[in-house]
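Q: Listed below are the residues making up each chain.
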Amino acid sequence: GESVGLHLPTLSVQEGDNSIINCAYSNSASDYFIWYKQESGKGPQFIIDIRSNMDKRQGQRVTVLLNKTVKHLSLQIAATQPGDSAVYFCADDTGRRALTFGSGTRLQVQP
Amino acid sequence: GAGVSQSPSNKVTEKGKDVELRCDPISGHTALYWYRQRLGQGLEFLIYFQGNSAPDKSGLPSDRFSAERTGESVSTLTIQRTQQEDSAVYLCASSRYQETQYFGPGTRLLVL
Numbered sequence: 001g002e003s004v005g006l007h008l009p010t011l012s013v014q015e016g017d018n019s020i021i022n023c024a025y026s027n028s029a030s031d032y033f034i035w036y037k038q039e040s041g042k043g044p045q046f047i048i049d050i051r052s053n054m055d056k057r058q059g060q061r062v063t064v065l066l067n068k069t070v071k072h073l074s075l076q077i078a079a080t081q082p083g084d085s086a087v088y089f090c091a092d093d094t095g096r097r098a099l100t101f102g103s104g105t106r107l108q109v110q111p
Numbered sequence: 001g002a003g004v005s006q007s008p009s010n011k012v013t014e015k016g017k018d019v020e021l022r023c024d025p026i027s028g029h030t031a032l033y034w035y036r037q038r039l040g041q042g043l044e045f046l047i048y049f050q051g052n053s054a055p056d057k058s059g060l061p062s063d064r065f066s067a068e069r070t071g072e073s074v075s076t077l078t079i080q081r082t083q084q085e086d087s088a089v090y091l092c093a094s095s096r097y098q099e100t101q102y103f104g105p106g107t108r109l110l111v112l
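Going line by line, the protein sequences match chains A and B. Under my numbering, the residues of the first sequence are numbered 1 to 111, in order. Under my numbering, the residues of the second sequence are numbered 1 to 112, in order.
No wet-lab data here; the hints were simulated from the structure. Treat the numbers as computed from the prediction; the structure is a model and nothing was measured. All C-beta atoms in this analysis are idealised placements derived from N, C-alpha and C, irrespective of residue type, glycine included. Incorrect hints may appear among the rest.
As the list claims (entries may be wrong) - Some chain A residues well away from chain B (every beta-carbon gap over 10 Å; in silico):
| no. | residue |
| --- | --- |
| 1 | LEU11 |
| 2 | ASP31 |
| 3 | MET54 |
| 4 | LEU65 |
| 5 | VAL70 |
| 6 | GLN76 |
Stated by the list, open to error - If you only want the chain A side, here are some residues facing chain B, beta carbon under 7 Å, derived:
| no. | residue |
| --- | --- |
| 7 | LYS42 |
| 8 | GLY43 |
| 9 | PRO44 |
| 10 | PHE46 |
| 11 | ALA98 |
| 12 | PHE101 |
| 13 | GLY102 |
| 14 | SER103 |
| 15 | GLY104 |
Could you put together the complete structure from these sequences and hints?
A: This is the structure:
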């Protein structure tokens with residue numbers, strides 16, 4: 001079946017460094033992806049999305065890259081701050097119905 | 001504006017009891033979703049409501065789980081005869097038709 005997974009369960013970075021969180025997907029028909037941030041005790045919060053007709057999209061301090069050839073996407077966070085500490089999920093929203101989530105990567109920002 | 005709200009925020013129950021979890025979606029959102037998140041894991045889809053269409057129940061893990069939604073408003077997720085493996089965070093999300101889902105804070109369920 002379809003799976004969306006993450007390469008690393010935990011990523012530890014120094015404050016001010018750039019962070020890169022990776023995600024792989026298996027469904028070659030997938031065409032819409034979302035990154036969510038989940039802080040402890042809270043629900044997932046939308047960060048940024050990307051459609052398959054793009055390979056890069058930028059937001060405020062965040063960039064999502066999509067490589068359809070290898071079915072891989074990444075979330076880059078520039079100048080990581082302590083407030084960025086959270087679990088990050090990639091999700092496949094291709095069917096515009098139920099999201100398919102990866103298991104998440106915990107980002108720890110060291111001061 | 002107001003986001004998705006869920007109640008209770010925490011629920012502790014005994015094995016075998018029934019529980020009801022409530023979700024209030026964002027006003028105007030026709031779609032409503034329930035997900036389950038076990039500790040340290042990603043989200044598992046449970047059920048999806050879209051307007052007055054028949055709900056997509058394909059994610060419900062057993063017949064002990066059911067959900068209802070009245071029109072485009074409140075939804076309740078019911079778990080009958082709870083088991084310890086039902087312990088998880090139950091998250092609700094809502095969206096406009098085929099648009100981004102916005103999540104509530106979740107209900108943390110602990111079955112003793």
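Q: Against this structure, judge whether each hint is valid.
A: Verification of the supplied hints:
Residue placement check: LEU11 (chain A) keeps its beta carbon more than 10 Å from all beta carbons of chain B (closest about 15 Å). At the 10 Å boundary, the C-beta of ASP31 (chain A) stays outside the reach of chain B, the nearest C-beta of that chain being 13 Å off. At the 10 Å boundary, the C-beta of MET54 (chain A) stays outside the reach of chain B, the nearest C-beta of that chain being 16 Å off. The Cβ of LEU65 (chain A) sits about 20 Å from the closest Cβ of chain B, beyond the 10 Å cut-off, so the non-interface label holds.
Non-interface call for VAL70 (chain A) relative to chain B: holds, since the shortest CB-CB distance, roughly 21 Å, exceeds 10 Å. Against the 10 Å criterion, GLN76 (chain A) stays outside the reach of chain B, whose nearest CB is about 20 Å from its own CB. Because the beta carbon of LYS42 (chain A) sits about 6 Å from the nearest beta carbon in chain B, less than 7 Å, this interface hint is met. Interface hint status for GLY43 (chain A): upheld, as the beta-carbon distance to the closest one in chain B is roughly 3 Å, under 7 Å.
Checking PRO44 (chain A) against chain B by beta carbon gives a least distance of about 5 Å; that is within 7 Å, so the hint holds. Because the closest C-beta pair between PHE46 (chain A) and chain B is about 6 Å apart, less than 7 Å, the hint holds. Checking ALA98 (chain A) against chain B by beta carbon gives a least distance of about 4 Å; that is within 7 Å, so the hint holds. Nearest Cβ of chain B to the Cβ of PHE101 (chain A): about 4 Å, under the 7 Å cut. The hint holds.
At a threshold of 7 Å, the smallest CB-CB gap from GLY102 (chain A) to chain B is about 6 Å, leaving the interface hint in force. Contact between SER103 (chain A) and chain B, as hinted, is supported at the beta carbon level, the nearest pair being about 5 Å apart and thus within 7 Å. The criterion of a C-beta within 7 Å of any C-beta in chain B is met by GLY104 (chain A), whose closest approach is roughly 6 Å, and the hint holds.
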